[in-house]
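Generate coordinates for the entire structure from the input sequences, incorporating the hints supplied.
Letter by letter, the chains look like this.
Number of protein chains: 4
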Amino acid sequence: MTEHGLELVTRDHKQTDTVIAVSPSVAIGNRDVCIIAGPCAVESESQIVELAHVLRAAGATILRGGAFKPRTSPYTFPGLGTKGLTSLRRAGDETGLPVVTEVMDVGSVEEVEEHADILQIGSRNMQNYPLLRRVGQCVKPVLLKRGIAATLWEWLSSAEYIANGGNLEIILCERGIRGFDPATRNLFDVTAVPAVKRLTHLPVIADPSHGTGDRTLVPPMALAAVAAGADAVMVEVHTHPDNALSDGPQSIEPAVFEELVKRLRLVASAVGRSVLQATKPVHSP
Amino acid sequence: MTEHGLELVTRDHKQTDTVIAVSPSVAIGNRDVCIIAGPCAVESESQIVELAHVLRAAGATILRGGAFKPRTSPYTFPGLGTKGLTSLRRAGDETGLPVVTEVMDVGSVEEVEEHADILQIGSRNMQNYPLLRRVGQCVKPVLLKRGIAATLWEWLSSAEYIANGGNLEIILCERGIRGFDPATRNLFDVTAVPAVKRLTHLPVIADPSHGTGDRTLVPPMALAAVAAGADAVMVEVHTHPDNALSDGPQSIEPAVFEELVKRLRLVASAVGRSVLQATKPVHSP
Amino acid sequence: MTEHGLELVTRDHKQTDTVIAVSPSVAIGNRDVCIIAGPCAVESESQIVELAHVLRAAGATILRGGAFKPRTSPYTFPGLGTKGLTSLRRAGDETGLPVVTEVMDVGSVEEVEEHADILQIGSRNMQNYPLLRRVGQCVKPVLLKRGIAATLWEWLSSAEYIANGGNLEIILCERGIRGFDPATRNLFDVTAVPAVKRLTHLPVIADPSHGTGDRTLVPPMALAAVAAGADAVMVEVHTHPDNALSDGPQSIEPAVFEELVKRLRLVASAVGRSVLQATKPVHSP
Amino acid sequence: MTEHGLELVTRDHKQTDTVIAVSPSVAIGNRDVCIIAGPCAVESESQIVELAHVLRAAGATILRGGAFKPRTSPYTFPGLGTKGLTSLRRAGDETGLPVVTEVMDVGSVEEVEEHADILQIGSRNMQNYPLLRRVGQCVKPVLLKRGIAATLWEWLSSAEYIANGGNLEIILCERGIRGFDPATRNLFDVTAVPAVKRLTHLPVIADPSHGTGDRTLVPPMALAAVAAGADAVMVEVHTHPDNALSDGPQSIEPAVFEELVKRLRLVASAVGRSVLQATKPVHSP
Chain P
1 MTEHGLELVT RDHKQTDTVI AVSPSVAIGN RDVCIIAGPC AVESESQIVE
51 LAHVLRAAGA TILRGGAFKP RTSPYTFPGL GTKGLTSLRR AGDETGLPVV
101 TEVMDVGSVE EVEEHADILQ IGSRNMQNYP LLRRVGQCVK PVLLKRGIAA
151 TLWEWLSSAE YIANGGNLEI ILCERGIRGF DPATRNLFDV TAVPAVKRLT
201 HLPVIADPSH GTGDRTLVPP MALAAVAAGA DAVMVEVHTH PDNALSDGPQ
251 SIEPAVFEEL VKRLRLVASA VGRSVLQATK PVHSP
Chain E
1 MTEHGLELVT RDHKQTDTVI AVSPSVAIGN RDVCIIAGPC AVESESQIVE
51 LAHVLRAAGA TILRGGAFKP RTSPYTFPGL GTKGLTSLRR AGDETGLPVV
101 TEVMDVGSVE EVEEHADILQ IGSRNMQNYP LLRRVGQCVK PVLLKRGIAA
151 TLWEWLSSAE YIANGGNLEI ILCERGIRGF DPATRNLFDV TAVPAVKRLT
201 HLPVIADPSH GTGDRTLVPP MALAAVAAGA DAVMVEVHTH PDNALSDGPQ
251 SIEPAVFEEL VKRLRLVASA VGRSVLQATK PVHSP
Chain G
1 MTEHGLELVT RDHKQTDTVI AVSPSVAIGN RDVCIIAGPC AVESESQIVE
51 LAHVLRAAGA TILRGGAFKP RTSPYTFPGL GTKGLTSLRR AGDETGLPVV
101 TEVMDVGSVE EVEEHADILQ IGSRNMQNYP LLRRVGQCVK PVLLKRGIAA
151 TLWEWLSSAE YIANGGNLEI ILCERGIRGF DPATRNLFDV TAVPAVKRLT
201 HLPVIADPSH GTGDRTLVPP MALAAVAAGA DAVMVEVHTH PDNALSDGPQ
251 SIEPAVFEEL VKRLRLVASA VGRSVLQATK PVHSP
Chain H
1 MTEHGLELVT RDHKQTDTVI AVSPSVAIGN RDVCIIAGPC AVESESQIVE
51 LAHVLRAAGA TILRGGAFKP RTSPYTFPGL GTKGLTSLRR AGDETGLPVV
101 TEVMDVGSVE EVEEHADILQ IGSRNMQNYP LLRRVGQCVK PVLLKRGIAA
151 TLWEWLSSAE YIANGGNLEI ILCERGIRGF DPATRNLFDV TAVPAVKRLT
201 HLPVIADPSH GTGDRTLVPP MALAAVAAGA DAVMVEVHTH PDNALSDGPQ
251 SIEPAVFEEL VKRLRLVASA VGRSVLQATK PVHSP
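Residue numbers (the working numbering), protein chains in the order written: chain P, 1 to 285; chain E, 1 to 285; chain G, 1 to 285; chain H, 1 to 285.
Just so you know, the hints here were simulated from the structure itself, not pulled from any lab data.
In this text the structure is predicted, and so the values were computed from the model without any measurement.
Careful, some of the hints might be misleading.
With a straight-line Cα cutoff of 25 angstroms, these simulated DSS-like cross-link-like pairs (lysine-lysine) come out [claimed, not checked]:
1. G:262 x E:262
2. P:262 x H:197
3. G:140 x G:197
4. E:262 x G:197
Shown next, in the form of structure tokens:
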């Protein structure tokens, strides 16, 4: 054990980088940088299916979309729930893209694991220990977002809960911490990417959409994250951001996303990596 | 609704202070300041029962003690669980002190509500929405700790989740936020007490033990909290702090607690209040 | 030297509390709590003289007022400069109250020292080392405000610069640090008072006006500061806060100040101290 | 004027990017990214001259080196002063590299301006208004570091002081802000680069050495800063970092620097820019 009381997730325990197979053709943590994209929330089946095709064509390798949404206010859109989950699954199946979605409570883990390829633990639940223990029993990978004011060691301690339950397929995701400047929604801690990678063998990815909360800052900060060593970037894309049911201000349009993917390829190459491309043929209907 | 999307918990909705009856003889939110004391964790039945007698004699009006403990590391003492709960209840019954203890997940709410007089939602779970909705259905009061980096409006939004579920008996508890100075464990935001009281009609209390993380700072900051208008203070007391199974560094000894209560009475009086005294006779065995 | 490279200002160097004589009848750091009051800025001679009489009658023991004002924008009122300084001096002489005012640059130290009884180093200049070295050569006491994001050790290191220059008459002043919640202008770190007092023998005071930035929070937080052990409180008072040339939102009216002084006496007494009263007879004109 | 009371430094005042000519062959703010490198402090003439040649050969376009050093403790190396200044100048002259160095007080501005090509205002002096006004009268460009807890608008307000004095040649430099995680010395706010560029026409650069305080994090974060749009990066390089008189832990070795420059060229190219190369022939002795 380290001085911080950790064991399984540290470099002391395992020196080499952990590579997590998300699907037969998609892995996170190797030389290839993944691009995870999708709407904040699944708003309808047609929305997510159509967008998934667009995103895949533009270069996304994993599809994201919220079905169960944690919302600060009880009076805002909480997601479509089970309906959102099955719609997301269908969008993934149609495009061949693995899907990631958030699970908010112990009682929903089984259902979410049935439909998703990666289970996301959101920032607000980073220290929800019963939930961490529960996804520690899953066979699917877990994407663990950093808490809004979590130190690197606290973040790793939460990962250790999952690992301790038996699931070592954990992807850490920096998504912005609390800052003092109202100029941006959160303070995107890009340095956390290389800093936590020194401590752990787990893959580390970055979410510049929540990280900045501002669509014009998403492209430069996605590039910065890859330059700093992120194993994947996760960005929110919406066909009509201004009409999005949640997180519109931080969602980019598909055309901007397409341009961003091109730049990401160049930056990944500049740091000795490449961007993973969706190679699996899309089944014809 | 306010500009922040809140309704039930704001002063706009209800101008007068809410007073919450915890037991026939104990209420929070009126002229009387309550003193909540006890160990971080219930370590054994004899520990909590003996300590409860000492605390009651010294002036405590509510007994605290953790049965289910959220711990940053999966390898540290997680509390005694159900055994801790029944021991705490027995200590409360023997002394006539109402008891408060934390509930960490939806599945334990029923059991905790059966044994406790107040259900505590910890800082890490301030935005655990399924849990907030669940305690919103309870008939017992809920003590909602402020999240480690929660703004006042986010804190109130979490209270709104509980109120929206039907339970308006909510006590807000400031317990220290994340700061930049390693000189103290947390940054105890005493100003939050009068600042949030302007926005809400709910009672607001303060926990200088977690707030400072340092036993020598607990007495002055408990006094400061009452001077600033706190409706109660919650302090961790342990007979042998250096042997405590958790939070020893921030626990004070019974003799220090006794001295503190005397000072609290003087400060409460200086700001036009008094300290509630346990008046209910202790039943003889 | 301590592990932090400090010497003169630490308790290791000197165990007993330092008491600083500001005038024949006013000292800071002993059993008596001082009350420092005045406008943010001296706006005219009649303003400061009249207000000084009012404040003295209400219980102030030291008069504050800015002549050289550090302002975030170059287009706002920078203070009256020399004229403000002589007006402040006259107000002090007429009422028998010692005066404290800020000095912003090395070139003004001589002039400010000639007129003031205490030289204030503002928060923005806490690490202006040439200025610290210069006031280290003064014979008048220095009031050193904490930097907006200074740790306790950084604050003491700045005090050490002054002490190292030969001037050990240093008063530390907590005035709010940067926080993440826009609900208040700053985050008033009351805990810093007892926390830094453990490390240093110097007196520690608190400024709830800048600390909170909000006049309705000034009274409760002034009381909290004294309850926590502050050797003095410094509050901004203005006859017509809404017309103040600077810091109006955080200035209280004289009637509120008078009421506050009464409460401060009760709280000081509750923690075993008293509030110093201006005893020196005011000379008749 | 904007809502924040600014005028000259905003995009409202001037839409197009300001390009600042530092020397006949070096400009900051156009398509070319500059690389500023050098030791934290000038330690001797031979050190800085020899290092300058190495850095120029490796790709540096501007030489940095401290002569007057702001140090938290009065007992640590304060820089060589005038001797350091003339040594830095000589290193610049020998290599043809323009030089940047810090000025800490009004009284030294004339001397520093005589020897330096860019005057640096350090983080601790970002709100030292007499100093800002003084460099506002200089004809040389000013590099304004962001204060440790400055918002973007406060940073720009300080730039406005300089501009208001008549000097519009201002380079903004992000250098890390105060964070809550002791894992890194500061919190390098890379997002501030594109975020402040939206508000101002001035060039914006980044200092990952102070930003992270950790030499292993400097290369990835330098790359991230350029990916995010920085007009230059400033890195501390030392031949023997472990023997450096200041900031050794964050200084990289020349070989690491050389490798970094190669990567920076690739990343700059990936975002549609190039890295400026020192083209002026070095005079033979």
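Cross-check of the supplied hints:
1. Between the alpha carbons of residue 262 of chain G and residue 262 of chain E the distance comes to roughly 21 angstroms, so the proposed pair stays at or under 25 angstroms and holds.
2. Proposed proximity of residue 262 of chain P and residue 197 of chain H is supported: the alpha carbons are some 23 angstroms apart, at most 25 angstroms.
3. With a C-alpha separation of about 22 angstroms, the suggested pairing of residue 140 of chain G with residue 197 of chain G holds against the 25 angstroms cut-off.
4. The hinted pair formed by residue 262 of chain E and residue 197 of chain G meets the criterion: a straight-line CA distance of about 23 angstroms does not exceed 25 angstroms.
Consistency note: the structure conflicts with none of the earlier hints.
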